[in-house]
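Participant: Below are the chains, spelled out letter by letter.
Protein chains: 2
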Amino acid sequence: MNKFKGRVESLREMMRSRGWDVVVLTGNDPHASEYSAPRWHQVAWVTGYTGEGDLVVTEDHAGLWTDTRYFIQAEKQLQGTGVSLHKTRVQDQVLIPEWLSGQFADYDEVVVAVDGLGISATTVIEIINAIGKDRTAIANVPDLLSLLWADRPSYPQTPVITLGAETVGWSRRQKIDWLRKWLDEKGFDAILLTALDEIAWMLNVRGQDVDYNPVVMSYLLVTADTIQWFVRKGPIPEGDNETEDSFLELLADRVNIQDYSDIGMALASMVDDDYIRKLFVDPSSLNYDLYGILKENTKQDNVVTGKSPVALRKAVKNEVEITGMKEAHLHDGVAMERFLYWLETMLEAGESINEYDCSLKLHDFRSEIEGFRGESFETISAYGPNAALPHYATPEYGSAELYPRGLYLVDSGGQFLFGTTDITRTIPLGPCTPLEKEDYTLVLKGHIALSKAVFPKGTAGCQLDVLAREPLWRSKRNFGHGTGHGVGFYLNVHEGPQDIRQNFNSQALLPGMITSDEPGIYREGRHGVRHENLILCKDAGENDFGRWLCFEPLTLCHFDTSVLVRNLLEESEIRWLNEYNERVYDTLSPYLPSDVATWLRQKTLPI
Amino acid sequence: MNKFKGRVESLREMMRSRGWDVVVLTGNDPHASEYSAPRWHQVAWVTGYTGEGDLVVTEDHAGLWTDTRYFIQAEKQLQGTGVSLHKTRVQDQVLIPEWLSGQFADYDEVVVAVDGLGISATTVIEIINAIGKDRTAIANVPDLLSLLWADRPSYPQTPVITLGAETVGWSRRQKIDWLRKWLDEKGFDAILLTALDEIAWMLNVRGQDVDYNPVVMSYLLVTADTIQWFVRKGPIPEGDNETEDSFLELLADRVNIQDYSDIGMALASMVDDDYIRKLFVDPSSLNYDLYGILKENTKQDNVVTGKSPVALRKAVKNEVEITGMKEAHLHDGVAMERFLYWLETMLEAGESINEYDCSLKLHDFRSEIEGFRGESFETISAYGPNAALPHYATPEYGSAELYPRGLYLVDSGGQFLFGTTDITRTIPLGPCTPLEKEDYTLVLKGHIALSKAVFPKGTAGCQLDVLAREPLWRSKRNFGHGTGHGVGFYLNVHEGPQDIRQNFNSQALLPGMITSDEPGIYREGRHGVRHENLILCKDAGENDFGRWLCFEPLTLCHFDTSVLVRNLLEESEIRWLNEYNERVYDTLSPYLPSDVATWLRQKTLPI
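As you go down the protein sequences, you meet chains Y and C in turn. Counting in this note's numbering, the first sequence runs from 1 upward without gaps. Counting in this note's numbering, the second sequence runs from 1 upward without gaps.
The set of hints was computed from the structure by calculation and includes no laboratory data. No experiment lies behind these values; they were computed from the predicted model shown. Some hints here could point you the wrong way.
[Stated by the list, open to error] Straight-line Cα separation of at most 25 Å, DSS-like style, residue types lysine-lysine; simulated pairs: (1) Lys186(C) x Lys133(Y); (2) Lys476(C) x Lys457(Y); (3) Lys476(C) x Lys133(Y); (4) Lys538(Y) x Lys476(C); (5) Lys3(Y) x Lys76(Y); (6) Lys133(C) x Lys186(Y); (7) Lys299(C) x Lys133(Y); (8) Lys181(Y) x Lys326(Y); (9) Lys476(Y) x Lys452(C); (10) Lys278(Y) x Lys181(Y); (11) Lys457(Y) x Lys87(C); (12) Lys452(C) x Lys437(Y); (13) Lys307(Y) x Lys295(Y); (14) Lys452(Y) x Lys476(C); (15) Lys457(C) x Lys476(Y); (16) Lys76(C) x Lys5(C); (17) Lys437(Y) x Lys603(Y); (18) Lys133(Y) x Lys133(C); (19) Lys299(Y) x Lys299(C); (20) Lys452(Y) x Lys452(C); (21) Lys278(Y) x Lys307(C); (22) Lys326(Y) x Lys476(Y); (23) Lys437(C) x Lys476(C); (24) Lys603(C) x Lys437(C); (25) Lys133(C) x Lys476(Y); (26) Lys307(C) x Lys457(C); (27) Lys457(C) x Lys87(Y); (28) Lys476(Y) x Lys87(Y); (29) Lys452(Y) x Lys437(C); (30) Lys538(C) x Lys326(C).
[Claimed, not checked] Derived list of chain C stretches under chain Y, where covered just means 3 residues or more per stretch with a C-beta under 8 Å from a C-beta of chain Y: (31) 334 to 343; (32) 461 to 474; (33) 533 to 543.
[Unchecked claim] Listing some non-contacts, in silico: residues in chain Y with all C-beta distances to chain C over 12 Å: (34) Asn2; (35) Leu148; (36) Trp149; (37) Asp301; (38) Val304; (39) Lys307; (40) Tyr341.
The beta-carbon is built from N, C-alpha and C at its ideal position, and this holds for glycine as well.
If we strip away everything but chain Y, and leave its shape as in the complex, we get:
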């Protein structure tokens, strides 16, 4: 039997013996992080599918819910497992709560088993509301899967570093003061932060507890006179001087360090003592287990839920952070151009290289940058048909060989002590088909249209998204993912609250926000194109019509012009492209080896 089919069956045996009607599993850690440490790769362990997604198992059905980005990958990886793919972000999608409500319409009571640590309160509440409060019984089993998963990885424990105000602009004390002012204004006694990137931002700490996301597994509780950080770091391993120094610095700033697992008890007793009468918490990153503890131990009106104020404050970068991000993009651009030069040189020399070699080489160039702390996400190095998977995972063994023809796509980014990068370039390796050229050109038109947008203050990303799509739509082409996501400062490469996508999100774009601009086209079995820069939202002045905003591209790496279909481009687009490439050359060339600089001069000549 297929290994994963067997695991689904084991789960069903457990369900039967315990009287559960359905198990809902996510890949979430206890903080609803987008990426999680291996301990929480629960969906992957059960099904073999390694992308993002949620799993639902009933007696007669096992289903994986995931979005457009992962359809091809999921179909491939789920073969033989008996797990069906349920598509989200498509017309007529049926999400898990609605699906469950349909499946169990005739039941008097539905027992829904969840790992309360590995699922957000919001998700469980949506399920309860869909099935009906009176009919739903949640069986909360923390670490549910540990019962089957013998060699399940343990909690991560990595060194903690701190960042100074010279790097992040706002000192820890300033941030705490700001948050306490917010508490005071809103009439709250305390705020519990559960989102790992918000905690890292608040305390100016970074770790490596989650791959690519430089966060520390922890909770942060701030009141008018205490700061309590519940963190899984004790005892500090011998030789981890970084963490020890960081903890001393935090203590000096009156941050009280407590054990991660004490959060529930501490909260309960503080509420019980009337020390906290009004607690604010954002349910979207609160796990269901902790939510249960709060509900059990608090009186009505003790807990106020809402959007964390830290998310928005963190998304609006200050001048110091912007300077850091620009420096990160300068060095990152140098690494990218050196990589692209190497790639072209290798192919011209007839050397045999594959996708994985490329991701290693790009890693090497980034590693030479002082302050480099690793990739900001797993590099997508995809040649030909593989690039049609927007989230292709380049395999270490057996990745595709590159040939001097067609399109190669590389989507990668770095974490630096002074910023985070995320860039995609699609590279013609030699002759391309007319369709490849057209797609390359149309996606670039979309990228440019968004990048040079000017818009009134108050405009939300979803009101701009169509700009990046319209040149594609006009040729009846489209892409199934968002156009832009927020990017953290040496933090998560995906952050909110803003984004640029079709979904209605009323968060206005604000000066200081950094977002990606990454339209694409994907043709299964043929090729994929994506062009991505990070763009900084900036003030563009005021006039009779109000205040205006615009974008500045932060990413510095040329766009290849050799395969552009010239007559698909408007004059204004060509002007933008020539100016951008010229700026890339002017800015990067002083930092490039002379052979690379000479090559880049040719690559960036105006068209």
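Since chain Y is already given, all that's left is putting chain C on it; use the hints.
Facilitator: Same frame as chain Y, now just chain C:
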């Protein structure tokens, strides 16, 4: 004392004597119609302000809430009345419910007086929710203002006509069958329709009870075996054979005609008898008085509220309606071109004409069309600075004289037995300033961009709106109204559920929907530009990326090319414009007098 100030004071006296804390008045009729008969021009009677808006009067404040379209008009008309303008559809708007909740934050109980007939249930519920259920006492006083308004106009009573399936595609019986199928599918016993245009559509009847909107003041109650039309038409005035014939036709189709004022009693008794156990009603067009009757006389769960299914069904025009709309636009285009020719000829001859003369002349040309039933809204005939008011009301006496320079804007439309039109053209009367030319060109770019959009099935209007704005935004110009509204078939010139504007409205655009495309620029004290066509949403085929939709302009009237700033236009825009103008000439010229046709040939030469 200012007459209107006096009326506000009279209202306050009534408030004091009755113990009301606040009176909320709207211009709504009992069906929450956008336009209402003079009887419900309550806000205008109290304040002198004649645009759309809602009035709130407290002991120490009188405020009028209206949106961007009416700011200039409201500021002018409210002078000396003591009524303050509260702006809506702006950043940081404070709507009435929120404002009331702030004003009365310290009150234990707030008595809110409303005319339950002249305010929708939705509006009152929003107010109750904002202030708090426990603290709000609604004083429902039907026809509240009649206590002060001595010569208040009575209910309208105009002839009723019917339309056959050869004109509207679906017979009355087909529509009733469709609605009964919907009731059956949803498990409802009855639907109460309260929106006048939905009732007119369902019964294939038209009246003139509301200026410009060819509707009949009535309620329609449909069950599995009865159709009851509550209409204020008895006794039919002598000589009104139209209404008599219509009623006979309706009776033959088993439509039971009852008196308008019996709706409440009839509903109450049918629910009481258990004849109706589940009644569906759309609260957005339900007045608060009838809502109260329903609440008093029904058990819990007897009444289900939601969006009426008729609105969407009505918005998607069938082939017969589309054919009619095209015919209406052909004749309307002929009238427009004859008018524009007349205008140019008059100015060239040095004749003295003013804005009001123009609206009369345009009316005359439309009147010559067989089947013309009047304007679809009050013609906006605005010269120079007057055109900066998007909803300028052209005065009968003292309207502005036209001179052979600058821009003249005319926004008008007709009701025909076979369709409804709505068109705006901005006409250069002679030399224009560079700014006028630029604005004219940029607005046309926006108009064209939306008109030639291609988009995936499922796209909502708010996801397209930016296309019409982006060319303006790029030059840091904007307009404060929506880009497009739905248009009925020989029905209201504004209809939902779709629209094309910045506000999030998830209703997808569907093939058969007709919407306006009317971006603009308004410069107070200088000039205004708006270019408006009606556009039909159409299928544009299917490919690997899904199903595609596009628009077809229905409006047929040339765009003047003489003041275009050529270098602001892309090649693709010039192509669109030349093709459109050519189509206008080809289609209209056979119907034009030869001098007008010759003139139009010159006006439509390619640029």
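Participant: Tell me if the straight-line CA distance from Lys457(C) to Lys476(Y) falls inside 25 Å.
Facilitator: holds (11 Å)
Participant: Does Lys437(Y) lie within 25 Å of Lys452(C) when you go C-alpha to C-alpha?
Facilitator: Answer holds: Lys452(C) to Lys437(Y) is near 24 Å, not above 25 Å.
Participant: Decide if the proposed pair is consistent with the structure: Lys278(Y) and Lys181(Y), CA atoms, cutoff 25 Å inclusive.
Facilitator: The hint holds at about 15 Å.
Participant: Is the claim that Asp301(Y) lies outside the interface with chain C correct, judged by CB distances over 12 Å?
Facilitator: With a cut-off of 12 Å, Asp301(Y) remains clear of chain C, as the shortest Cβ separation is near 15 Å.
Participant: So if I understand the rule, the pair passes when the alpha-carbon distance is 25 Å or less; does Lys76(C) with Lys5(C) pass?
Facilitator: holds (15 Å)
Participant: Lys452(Y) and Lys476(C): Cα distance at most 25 Å?
Facilitator: Within the cut-off at roughly 13 Å; holds.
Participant: Take the C-alpha atoms of Lys3(Y) and Lys76(Y), compute the straight-line distance between them, and say whether it is at most 25 Å.
Facilitator: holds (15 Å)
Participant: Taking 25 Å as the top limit, are the C-alpha atoms of Lys133(C) and Lys476(Y) close enough?
Facilitator: Cα-Cα ~51 Å, so violated.
Participant: Assess, step by step, whether the Cα of Lys457(Y) is no farther than 25 Å from the Cα of Lys87(C), and give holds or violated.
Facilitator: Roughly 17 Å between the alpha carbons, so the hint for Lys457(Y) and Lys87(C) holds.
Participant: Would you say Lys307(Y) is clear of chain C, with no C-beta pair closer than or equal to 12 Å?
Facilitator: holds (17 Å)
Participant: If we take the beta carbon of Asn2(Y), is the closest beta carbon in chain C still more than 12 Å away?
Facilitator: Consistent with the label, Asn2(Y) stays out of reach of chain C, its closest Cβ about 31 Å off (over 12 Å).
Participant: Can the restraint linking Lys538(C) and Lys326(C) be considered satisfied, given a maximum Cα separation of 25 Å?
Facilitator: Holds. Lys538(C) to Lys326(C) sits at ~14 Å (cutoff 25 Å).
When the structure is compared with the earlier hints, violations turn up for hints 3, 8, 19, 21, 22, 25 and 31 and for no others.
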